[in-house]
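Q: Residue-level listing of the chains:
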Amino acid sequence: MRAFLISRRLALLGWLALLLPGCIDPYMPDVISGPSSYLVVEGFINAKGVTNITLTRTQAVAAKAAVPAETRAAVYIEQEGGANRYLLREGAVRGTYQSDLLALTAGARYRLYLKTLAGAEYASEFVPAKITPPIDTLLWEAAGSGLTVYVNSHDDTNTSQYYRWEYDETWEYTSAYAPSLEYAGGRIRPITIPYPSVCWRSARTTSIDISKTTGLSRDVVYKFPVRKLSPSSDRLQRRYSILVQQSALTRTEYEYWELLKKNTESIGTLFDPQPSQLTGNVRCLTNPSELALGYVGVHSREVKRLFVDRNDLPRTWITTTGYEGCFPPDTAKIGFLDLYFGRGLLLPISEAYDERGRFAGYLASTPDCIDCRKRGTAIKPSFWP
Amino acid sequence: MKHAYLLLIGVILLLSGRPVYGQQPAEKLVSGTFTRAPFEQFASQIEAQAPVRFFFDPTVVDSLLITLQVQNQPVRAVVEQALQNTGFHFVADEENRVFVFTGDMPQTDLSSLFFQPAPASSAATARPDDPTLEQSPDRPREVSASEYKVHEIGAAGSSKGKATLAGHVRQQKTGEPVIGAAVYIESPNIGTSTDQFGSYSLTLPVGRYDLKVRGVGIKNTKRQVVVRADGKLEIEVEEDIIPLREVVIEAEKDRNVSGMQMGLEKLDIKTMRQVPTAFGETDILRVVLTLPGVKSVGEGSTGLNVRGGATDQNLILFNDAIIYNPSHLFGFFSAFNPDILQGVELYKSAIPAKYGGRLSSVLDITTREGNKKKFAGSGGIGPLTSRLTLEGPILKDRSAFFISGRSSYSDWILHRLSSPGLKQSSAMFYDLTAHASHEVNEKNTVYATGYMSSDRFRLAGDTAYHYLNQNASVKWRHNVNNQLYGVLTGTYSHYEYDVTNSRNEVNASQLKYSIDQPALRADFSYFPSAKHTIDAGVSTQFYNISPGSLRPVGGASLVKPDLLDRERALESAIYASDKIDISPRLSVSVGLRYSFYQALGPREVYRYAPGESRTEGSITDTVRYQRGKVLASYHGPEYRASARYSLTENSSVKVSYNRTRQYIHQLSNTASVSPVDIWKLSDSHIRPQVGDQTSIGYYRNFKSNTIEGSVEAYYKSSRDFVDYKSGASLLLNHHIETDVINALGQSYGVEVMVKKLTGKLNGWVSYTYSRSLVRVNAATTSDMINGGSYYPSNFDKPHDVTVVGNYRFSRRFSTSTNFTYSTGRPITLPLAKYYVGNSMRVLYSDRNAYRVPDYLRLDVGVNIEGNHKIKKLAHSSWTVGVYNLTGRRNPYSIYFKSENGQIKGYKLSIFGQPIPSITYNFKF
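Protein sequence lines correspond, in order, to chains A and B.
Numbered according to my numbering, the first sequence spans residues 1 to 385.
Numbered according to my numbering, the second sequence spans residues 1001 to 1924.
Some hints here could point you the wrong way.
Below are the BS3-like pairs computed for lysine-lysine, each with C-alpha atoms no more than 25 Å apart in a straight line [claimed, not checked]:
hint, chain 1, residue 1, chain 2, residue 2
1, B, Lys1629, B, Lys1703
2, A, Lys261, B, Lys1904
3, B, Lys1266, B, Lys1212
4, B, Lys1756, B, Lys1266
5, B, Lys1173, B, Lys1396
6, B, Lys1354, B, Lys1579
7, B, Lys1270, B, Lys1212
8, B, Lys1373, B, Lys1923
9, A, Lys64, B, Lys1904
10, A, Lys223, B, Lys1560
11, B, Lys1374, B, Lys1354
12, B, Lys1374, A, Lys228
Keep in mind that the hints were calculated from the coordinates and are not lab data.
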C-alpha cells in the first residue's frame, strides 16, 4: 500500500515536471571565463603624510587564487606642470608601494604615474589636493539595537562637503582554555611557558561609508553612524577600540565611491538591479583601450580613536566569544596520548575525572581554542591603555 | 438617349417570360470603332446597325467607357468584347433585348425569386458561382433572400445628388454586432468599416449599387441597394461556422493596400485559437507577440515591447477600461477568457487621435455582445484551467447578456506532492466577465461590462502574492442622425497587489499597492460628406494611487508600518481628427489631441540642491501641498497625421507621423516585468514621457488579393522616459526621484510581412529588423550610464523571424505551426573581480553590452472538429498541441550567484522540454 502511494506521488511529480520543466544550467560565457587582466590601483595620495598604493590585477570571476599583485613597477607622485616628483618604493608586501613623508601644497594638482615591469604606463587624472578637516568628536551610544559609533565634523570654509570614513577596529579577547599541562617528550607535565591569556585582533572597514553635506546650509557632519555592532558581537567581550579615518573627497571621487557601493550591494537574484561599469580615474597611457581600475584621490586624512569598555555597556548584553564551538572539551584516554597530542592536533588542558572522581585521562582541545594567537596577536598594541 | 428606359431589369424579364441566355444572340453583323466612348454612345451605334435594343440604368453605366474596334462581327460577340473585364455583364432575350448590368448575372430560374417577399420593387439575382457569396446547402434562407432583393433607400425625388446610408451589421444567428467589417461599393470605390457597435455610415451618390460586406468570422455578403435619399439599412450576416477555415488578419481583402491605417494589426479570436500555446489555452497576448514589431523580454512575461517601446507604453483597453495587469500567474496565462472575445486591434503607428496616454501602442480588446436570439453556452477543459460562458437574450433582438468565468485548478496537483516546499505552495487564479447590452430604441443603445481577475499564489508556504484587477465600463450610444452619433463612456479601473510574508512571525508583514482610476469620455463621429469623416471628443480621468504600504501581520510581528503618501492626478484631453478622401488615390487623415495633466496634493515634495545628483543627502527642503493643490502641471499637443496614396490598384504607399504623451510610468528595474512593479505618476520631479514616430510603408497584394505583402519602416524617438540609476531601489522608496533618471530613447526598424489569407495552406511570415536604444546623459557623472552614450535597451533584439502556418487537411482536421527566432536580449555581465576598498568588487561590462543566446522555438498544434451538422446538441472540438517541440532551453533569465567566494553564472529556462497539452472545447 505504501509502495503504491509512493509510486503515485512519483507519477504526480513526473507530471508536474512535465508541466513546468524549468531548468537551471550553468552559464559562463567566454568573456567571463577568460577575461583580460586589468591593472587595479588602490590607495590615495596623502597630502600630509605617507602615501600607500597597492597595485593588483583583476581576476576571472570564478578564480580561486589569491589576488595577483603587480610587482616591481616604477611609481611616482607627480605635480601638474612637472614641478615635483616623488618616488614610491615597493614594500615588503608584494605590490605595495610607499612614499616618504610628504607635505603637498593644498589646491595644487597631483597625479599618480606608474610604469609596470612590462613597460605599460598608467596615470591617474590630476586632482587638486584637499585638506581634510579634523574629526571634532567620535562618540558611541548603546541602544536596543546595539552599539553605534558616530562621527562629528565640520568645515568652516564649506569646502570639504564630501566625506568618506574608514576605520581600523581592534578588540581584546581571551581564548577558551588556559592549560595547566603540556605534552612534551611523550609525556604530560606542568606547563612551562603558559599561553598568553589575552590577545588583540584587528579588522579594517569592508563597507564604503560616505556622506555629503551639499544639502545643508553649513558644512557640518553631525552624528554620522560609522560603525554598528550588535549587542552580542564578540568584539565587545572585553574592550573595543576603533580608529576612524576621515577623508574629504572631491565630488568626482565621491561619486565614484557612491557608484561602487551601489554596484556591489547585491548580485545573483532573479530581480537584480541593473549594475553598470565603473572604472575610476586611472588610464593606461600606452594603450588607451586597456581598462584600468581604481580612483586615486589627493587629500589628507584625519584620525581619531575611541575605546569602549565592556563595563560601560548594558549588563543585559550577552556577548559571544567566538569560541562557542570549543565546548565541551575532548577527553584524551591514557594509552592513546601520543595519538591525541603527538602531532599537535590537540593540546592537553587539565586532568579529567569521571563521575566517581577517578582519574580518567586529560581534557583536551584544539590549538585554536587554547592559543589566542591563532586568531590575533598577543603583543599589546602600542595605543592600548 | 432615346432608348434609355429607366426600367428595372426584373420587371422586364418578368413580363417577357422566360429569358434566353446568350445562346440566341442577334446574328446581324456590326462594325465600329470606339475609343473611350461612353456606353450610351456605344449602345446607340449598335442599335443603329442592328435590330437590338439595349436596356440599362444610366447611373450605373456612366463610368463605363468602351474602347473597341470591330469589323463585321455578330452583335453578341461585339457586346461580349466590349464588356470584357469591365465588371459588367449582359443578357439578351429572344426579342433581341440586351440587358446590361454590373455585378452578378441573373440566375436561370428566376421565377422562384421574384415572388420572395420584397418591400419595395425587387429584382435581380446572383449567379450561384459568384465568389463573393458562400453558397452552402444549409444557408439560412432569409440571408440569401436579402442578398437577392433590391433595397430602396429613401423616397424617390428627394435626391440631392448624394445621400447617406447608415445602419448596422449584425450576426444573423445571435444579433451581435459585427465589428470591423468592411462595407463598400466598388464603382466608385467608396467604403467604410463598421465600428465597435457594428454601425456604418456611407455617403454615396444617388444611384444603384451592390453594397458588399466582408468581415472577419462572417460570410461575405452583399445587398443590392438603390439609394435615393438618406436612409437606413440593417444588414444581418451569417457567422462563418467553420472556425479553422482560414487565417484572417484583416477584414477586407484589399484593406492592406486601400485602407487608410498603417501599423494596425487586427486579430480575431478564430485566428488566435489556431496558434498553439503552452497550456492549451488560447492566449491573446501570446498571439500578439507573433506579429512583427512586437517583442517581449522572455517567455513567462507578458510585457509587450512594441517597436522598441517599454512595457508600460502600451494602452491596454478591455471594452474601453484600462487594464494594468493583463496576465495571470506571472504572465503564463493571459487574463482574458478567449470565449468572450471579439477581437484585438493593435495600433503600432498612426494611433488615432481618440487614443492617448501611452507612448508606443494601443491594444484594444473588445468582447462579444452576447446572443440576442437564444440562450447558448460554450466552454473548454484544459489541463490547468477550465472555462464556461453562458449567454442569451434579455429582450429578444434588443438586449443580450453574457457571463463568463475561468478558473485554474492546479492546486490539487501541488497538494499531492511529497516535497514539503511544493506541498505548501499554491497557485490559483480566476477571472469573471459579465456584459449586457440593450437597444433602448433605434437611436439609443446602452452597454455595460464588468470584469474581474484575481491571482493568488504562495511559494513554499512563506510568501503569498495576490493580484486583483477590477474594471467596469458603461457606454451609451446615441445616434443623432445618419451622419452624426455620439458615445458617452464611463469606466472604472482598479488594480492592486499585496505580498504577504509570514515565514517568521516577528517579520510577518504585508506589502500593498493599489491604483484606482475613474474616467469619463465623450466621443463623436460625424460624416458630413463622402469625403470627410470627422471624429472629435473629450475625456478626463482621475488617478488615485496608493504607492505602497508595509504593515505588520499578526500580534507577534515587530515590523514597523511604513506608508507612502498617496498620489493623485487628473489627466484630461480634447481631440479632433478628419479623414479626407482627396481623390480615389489619395486620402489623408489629420488630427490633433491636446492633453492636460495636473498632479494634485495632499503630498510632501522634496526639493533638491540644483546641479547635484539627487540623493537623500542633497534634499534641501520639504514642501507640503494641501488637498487639491496642484503640485505640478504639464500639457501639450499630440499630433496625428497619416496619408495613403494608391500607386496601382493593388499597391499603395502610406506615411504617418504621430506624437504621444504619457503621464504614468511603470517602475521596474529588472529586465522582465516583475510581480512587484509599481506605477508612478508624473510629478514635480518626474516629467511626462513624449514620443514621436514617423513611419512609411509600401503595401502590395498579389494573386487577386489572396497574398498580402507589406514593408513598413519607422523611426521613433522618445524623451523623459524613466530609467534607473545603478542599484536603484524602487520599493517603498519615499524619494523615488533619487533613484530614477529621465532617459532619451530612439528606435528604428523595418518590418516585412507576407500573409496568405486563403486556401488550405495559410498563415504569415514576418521578418523584423529593429533596434531600440537608450541614452542617459545626466548632468552629473554618477548618474550617467555607459558614459552618456546610447546603449541597447533590455528588449533590443535586432533580428526576429516568425512563421505562423496552418494546413487544413479537411474541414474537420487541421494543423498549425508557430516558429519564432530572435536575437538574444542584451545583458550586463560581470567581467572580472578585483580588490578595492578592502573588499572584493565585481567589474561589470557596460550596461547591456552582451547578449544571451538566441531564442528559437517551434510549436505545433492539431485541431479536430466535431461534425458540422447545424442542429445538434453541442459543437465540440479538441485541440492537441506541443509547445517548444524541439525542447530547446531558451534562457529566461541569466543570473550570477556568489557561492563559496566564487561567482557562478546560471541560465534559467522556463520551458526546457516540449510541453504537450490537450483541451476540449464545446459550444451549445
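Q: Could you run down the list of hints and mark each one as holding or not?
A: Structure-based check of each hint:
no., hint, in the structure
1, B:Lys1629 <-> B:Lys1703, "violated, 63 Å"
2, A:Lys261 <-> B:Lys1904, "holds, 21 Å"
3, B:Lys1266 <-> B:Lys1212, "holds, 20 Å"
4, B:Lys1756 <-> B:Lys1266, "holds, 15 Å"
5, B:Lys1173 <-> B:Lys1396, "holds, 12 Å"
6, B:Lys1354 <-> B:Lys1579, "holds, 13 Å"
7, B:Lys1270 <-> B:Lys1212, "holds, 22 Å"
8, B:Lys1373 <-> B:Lys1923, "holds, 15 Å"
9, A:Lys64 <-> B:Lys1904, "holds, 12 Å"
10, A:Lys223 <-> B:Lys1560, "holds, 23 Å"
11, B:Lys1374 <-> B:Lys1354, "violated, 35 Å"
12, B:Lys1374 <-> A:Lys228, "violated, 74 Å"
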